[in-house]
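Student: Listed here are the chains, written in short residue letters.
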Amino acid sequence: MREAPAPQGDPIIQVRGVRKTFSAQGRDLTVFAGFDYTIERGAFLSVIGPSGCGKSTLLKIISGLEPASAGEVIFNGRVVNGPPKGMIYVFQQYTKSIFPWRTVIQNIRFGLDSQKRLPSREAHEKCMEYVRLVGLEGYEDYYPYQLSGGMQQRVVIARALICEPEVLLMDEPFSAVDAMTRAILQELTLKIWDTLPITIVFVTHDVDEAVFLSNRIISLSRAPAMLREDAVIDLPYPRDQITTRADPLFTQHRQSLFASIFLQEKEVVAQR
Amino acid sequence: MKKRWPGFLLIAVLLLAWEVASRNAWIDPITFPSVSGIFESWYGAIANGELMRQLTPSLGRIFGGFALAVLIAVPLGLLMGAIPIVYRLLEPITEFIRPIPSSAYIPIAILILGIGNEMKIFVVFLACVFPILLNTYSGVRGVDPVLIDTGRTFGLGAGAAMAQIILPAALPSILTGMRISLGIALIVAVVAEMITGNSGIGYFILDMQRIFRVPEMFAGIFTLGVLGFLINFGFLKIEAHYLRWRGTSVENG
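Order-wise, the sequence lines are chains H and S.
For the first sequence, our numbering gives the first residue as 1, with consecutive numbering after it.
For the second sequence, our numbering gives the first residue as 273, with consecutive numbering after it.
Hints in this document: simulated from the structure, not taken from any laboratory.
No incorrect hints appear here.
Computed footprint of chain H on chain S, listed as stretches where at least three residues anywhere in the stretch have a Cβ under 8 Å from a Cβ of chain H:
| # | stretch |
| --- | --- |
| 1 | 414-425 |
| 2 | 430-442 |
| 3 | 509-519 |
Some residues of chain H that are not near chain S, with every Cβ distance over 12 Å (derived):
| # | residue |
| --- | --- |
| 4 | G9 |
| 5 | R121 |
| 6 | M180 |
| 7 | K191 |
| 8 | T244 |
Note that beta-carbon positions come from the ideal geometry of N, C-alpha and C, so glycine has one too.
Kindly produce the complete structure, drawing on both the sequences and the hints.
Tutor: Here it is, written out as structure tokens:
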């Protein structure tokens, strides 16, 4: 069981003065104009905000997949310059990120092989361990086209977890699956975070999801994105869909975050 | 296969109509000998080994030229698709050479390589290169960026990404290019054999026409039909095997 990190904890990721400008058709769009944030080791941090505010861009910059126009990201004391070892990005579009030519176990094996070479028997055992962790036993030899969306997303998560990353960056991973599957995958994600020594940065536009999962939530404004809220969610772990969502504290957190975001959003729309 | 019986029935009906028309001299029986006569000559040419003797060098040229084209065009196409500068360098010249019918190269090929096997293999090779090249680089350029980024977040280097992500993702397109090329290889090999030389199924057909052994000529043409059908059928099977992960049948692709 884990609690929210202490305020003066051990920083794993530091975002320092990050600027990001996109140019399209001769017009510049500034998504970040100097953004700072520090993520504590072991945190489950959710990043919420209106669509198009740059949540995913922030995650991409942290991951090293997308360079910042200025500023830097420090991961474990080192400047991120391309995707670093120990950090895996889980894409929103799991159907495009899964390898359709590999079976379930071969997809997971890809993750393992990208980190270390094990003897074939040992590698198979380890892959099966992760097949079981995400509840896909019996499906290991299926191709992705034979699986539902939720199962494909489990494969993608297992493929990331087998690398034993220190940080898992998840970009709206459950936005394209049905509500029931989402609820189950949320619990699975919590179980993983609870069992493994891992820091999760989770981008979502769903306040409920963020409150249910995280011990820390930041909310971003519209571009250029500024930090609007930084809330510690002190709901006890382990959490589950039934009791946690019924907890008055859950409702309280959800309400205050929602109200703050909604009122500001309304103001922005009114000013147009 | 099962659903194709009406098509095979139509072939049988047409052959039967030909047989009847030829026997009753509704069509010129010299130019269009009866189907039974053609099949008899066909059987004879198979039995005495003549047809195999002519088919073997043709198959060698078709598959030799094709294999060379695969060896050159697939790696080159992967490089063109993956590295923008290589693409910008080679794309215009590709687009310029590609529309020229490869049979137009036969005269130059004869000047350089003579009239032997080398020339024919070269011409088949040239004809096969472009469909494979084009389909390979457009397949690579069509690989979803999310797939490339997935490789990057797992720390894959350029070579590993090429082998483990780009090549399998572009494989459907590459195989389509190869299948198109095989069809073209058959055509070009036959044309080259008709223009020069003294072996091969193309030579056999033309030779039989010149000495007025019309049933044998038709037997040669029918052989080409069967050969083309078998090559395509076999390749579709190979494609279906390698692309079984797509889940949809490529039989009609």
